[in-house]
Amino acid sequence: MHATTNMLFEVKDLEVTYLQGDQREPVLKDVSFYMEQNETVALLGQSGSGKSTLAKAMTGMLPHSARVTSGSLTIGTEQVANLTDTSTPWQRIRGRRIAMLYQDPRQALNPLMKIKDNFRELLQDHQLASSRDYLQISEQWLYALNFQDAKRVLECYPFQLSGGMCQRVCLALALCLKPSVLIADEPTSALDIVNQREVLDVLKTVQKQYGLTLLMITHDLAVANSIGDRVLILNKGKIVEEGNTKKVFSKPQDSYTKQLLSARSLLSESPQRKSVSFQSKQKLLEIKGLEKQFQQKQVLTNIDLTLHRHEIMGILGQSGCGKSTLARCVMGLETINSGQMMYKGTDLSKLNNKKRRAMSKHIQLVFQEARGSLHPGRTALQIVMEPLHYLHLGNRKERQSLAEAFLKEVGISSDMHARKPPQLSTGQCQRIAIARALVLRPEVLICDEAVSALDMHVQAQILKLLQQLHQKFEFAILMISHDIRVLRSFCHTIAVIDQGRFCEVRPANALEKESKNAYTKKLFHSALEMEKGLSL
Amino acid sequence: MLKKIINFKKSTSFIAGIILLCILFILIFGASIISPLDPVEQNAAERLQKPSLEHPLGTDRFGRDILTRTLYGGQNTLISSVVALSVALLIGLFVGLVAGLFHGTLLDAVLMRIIDVLLAFPFMVLAMIVAGLFGTSLFHLLIVVAAVWWVSFARLARSIALQVKSETSFAAAQILGASHLTLILKELLPKAAGPVLVFATFELGTLILSISALSFLGLGSQPPSPEWGSMLADGRDHFMQTPHILLGPSLFVILTVLAFNLIGEGLRDRLDPYEKFE
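Going down the list, the protein sequences come from chains A and B.
Mapping of the first sequence onto the UniProt record's numbering: residues 1 to 536, in sequence order.
Mapping of the second sequence onto the UniProt record's numbering: residues 1 to 278, in sequence order.
Treat each hint with caution, since some may be false.
As a list, the in silico DSSO-like pairs of lysine-lysine whose alpha-carbon atoms are at most 30 Å apart [as the list claims (entries may be wrong)]:
1. A:K246 to A:K420
2. A:K12 to A:K238
3. A:K361 to A:K288
4. B:K186 to A:K350
5. B:K165 to A:K288
6. A:K361 to B:K50
7. B:K186 to A:K354
8. A:K420 to B:K186
Derived coverage of chain A by chain B (criterion: at least 3 residues anywhere in the stretch with Cβ under 8 Å from a Cβ of chain B; other residues may be distant) [unchecked claim]:
9. 46 to 60
10. 371 to 377
Derived Cβ-Cβ restraints for the label pairs, each shown as a range [said to hold, decoys possible]:
11. B:I19 to A:T86: 31 to 41 Å
12. B:L90 to A:L177: 37 to 47 Å
13. A:H392 to B:I79: 35 to 45 Å
14. B:T12 to A:P422: 25 to 35 Å
15. A:P111 to B:H103: 20 to 30 Å
16. A:D117 to B:I79: 28 to 38 Å
17. B:T12 to A:T86: 24 to 34 Å
18. A:K350 to B:L90: 50 to 60 Å
19. B:H103 to A:G411: 34 to 44 Å
20. A:H392 to B:G135: 47 to 57 Å
21. A:L112 to B:G135: 31 to 41 Å
22. A:P422 to B:V110: 34 to 44 Å
23. A:K350 to B:T12: 30 to 40 Å
24. B:G135 to A:Q293: 53 to 63 Å
Don't read these hints as lab results, they were simulated from the structure.
No residue lacks a Cβ here, since even glycine has one placed at the ideal position from N, Cα and C.
Given these sequences and hints, build the entire structure.
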């Protein structure tokens with residue numbers, strides 16, 4: 001490790017193991033890294049690589065089942081903690097010297113307290129303000145973090161603010177203790193692209209303004225690229241590559257880094273689909289004037305949508321825009337307030353329970369939570385046989401052979417048939433979920449953010465699989481996502497949805513150039529800004 | 001599920017509860033072997049005796065051996081409370097899961113209002129009304145208990161059903177065409193059964209005490225047949241001179257309640273559906 005003069009933060013030889021039953025599983029091995037003053041370091045790793053464990057170890061927040069077998073932490077010239085020592089006075093280190101920013105800002109804020117009370121509690125605990133001047137101080141911090149109406153925000157509860165605003169509030173709370181190091185653990189991955197952009201911009205500004213040393217933990221290459229001066233790549237608990245961000249991304253040395261970058265380029269391929277006219281094909285799903293309200297709140301307004309045979313249509317929208325509600329309405333999980341949903345001439349909203357159930361043969365859904373959508377106690381084979389069993393199709397033997405065939409189709413080998421979801425990876429779970437949906441041979445497959453929760457390279461694999469299956473079985477796909485990159489390379493047509501309304505529907509390859517809609521442009525701008533400089 | 005229950009590694013409280021319950025069962029159902037004495041036959045010459053070798057827990061005001069009566073009385077109390085609880089448990093699970101599945105519909109509203117009414121209605125008063133109308137007997141008492149006790153199980157089962165309904169795997173089953181019955185049996189029941197069963201073991205303790213209390217008031221089993229509650233009621237008059245006559249029944253009530261609570265505790269650890277798979 002090259003020691004530099006203005007080295008501020010150093011972790012040495014960190015090793016952490018988790019106790020699971022009688023087994024000891026090392027999660028981090030020989031992790032050593034440093035950060036210089038005013039430097040932003042991005043720590044890049046896929047889920048399960050140990051990056052959150054690393055963040056917790058550096059702040060003494062590891063669960064009881066974890067053991068630090070070696071490692072030390074140095075801030076400035078002083079070794080603040082021997083990480084193996086459980087009696088480290090973390091209260092004096094956390095907050096004041098190392099601040100944390102978490103993935104879910106809404107959970108990080110006390111939901112029962114107004115923003116100003118969150119500030120008051122923190123400032124008074126650390127004796128930085130009295131009950132008289134805390135308001136003024138917190139207001140100043142909010143202004144510093146780009147809040148236009150700090151006074152109003154202080155009077156709000158966390159649920160009244162957007163995810164991006166909550167994250168900026170968390171950042172303000174972290175900064176007002178004037179820490180020298182800020183560890184941000186996936187601070188933007190729970191946010192949609194517009195909010196993501198907003199938080200990243202603020203982070204960059206304050207990092208410069210206050211001379212912060214920032215450790216950005218992320219799984220997203222674009223985030224790492226847009227913010228990191230240097231990048232560390234973590235794979236299976238080991239730092240496999242480190243160096244200047246531009247250098248690493250343009251000339252990756254390690255095979256794992258190369259794999260990450262190639263998975264990304266697969267996704268980011270410019271629109272490969274030629275515009276195909278589906279007008280002549282049979283209309284499978286036709287939605288007209290669909291309206292949906294939850295209590296008083298209008299969620300979907302006047303939705304018109306036509307899905308033709310063999311078409312792949314993307315629905316693009318930010319979180320909370322109503323795109324998942326649309327999927328739930330089509331599947332009959334929600335009742336609609338008005339409008340028509342025709343499937344080959346049958347109105348889906350007017351079916352009774354029995355006919356509705358039979359409709360599951362024709363329209364199927366794949367969920368975002370791959371693991372959560374599978375029954376944890378059943379084996380892969382049982383899960384795929386489920387729908388056949390529910391609809392009384394075939395006898396036991398036929399069901400089993402059909403299920404086996406479809407598991408093979410999605411690339412689940414026969415030695416995994418007896419495994420249950422907890423013993424499978426998330427990607428494998430999503431494959432099983434797809435097999436389960438397709439075993440009924442539906443003509444319409446709705447994918448509700450089906451790849452959003454997956455790691456980049458798994459995302460690419462699943463999209464490829466869906467494409468192959470689409471070619472083979474010729475079903476139509478309604479792909480719901482917040483990710484422009486996914487939709488752009490995958491769909492024929494894209495519909496953009498904003499606050500429950502369709503803004504526009506265009507062929508995927510024309511959307512970027514031809515769109516005149518301000519909202520669509522904003523989405524593209526945010527997404528492409530992040531890509532800048534990622535040489536692919 | 002059975003495998004999980006019979007996992008002895010996990011907790012000591014469960015095993016302690018089982019052992020205690022086994023001992024109690026052997027004592028209670030082996031009463032005729034353990035004690036040669038008759039639980040009902042009176043013997044005026046030996047009334048209100050202190051504990052001795054012949055009568056380890058002394059005798060009551062009719063000269064009957066208290067240990068013998070306690071053991072025989074356990075048969076009545078245990079059988080009746082377990083039967084009443086099982087009936088209540090089945091009704092409660094069924095009603096709760098149905099109400100949960102049809103949450104937001106008229107059916108749910110009607111079932112919940114019935115539950116509210118039963119919850120608001122004092123259990124003791126209902127028992128007295130039934131006793132007044134149909135006469136006092138243990139059987140009538142059991143009907144009253146089952147008719148009232150299912151309510152709390154139903155509430156619990158319903159709340160679990162609502163929670164399970166918000167999970168993705170439930171929506172998946174719905175979309176895949178599962179019928180209402182399948183949804184209840186395959187998706188809701190396995191997740192609700194554990195917590196409700198555990199709750200039931202805790203309730204059993206309360207139930208035994210309630211049956212004892214009603215018997216104490218004279219609404220349950222009738223003299224001279226022994227029952228823990230009525231024995232306690234009996235001993236009340238002579239409590240000041242011979243306090244030991246309360247010892248037998250009260251000790252057994254405490255031990256039984258303890259045994260079931262220990263088992264409940266252990267079951268809760270085992271049946272937690274959100275437990276991590278390792």
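Which of the stated hints cannot be reconciled with the structure, identified by number in ascending sequence?
1, 6, 9, 12, 16, 18, 21, 23
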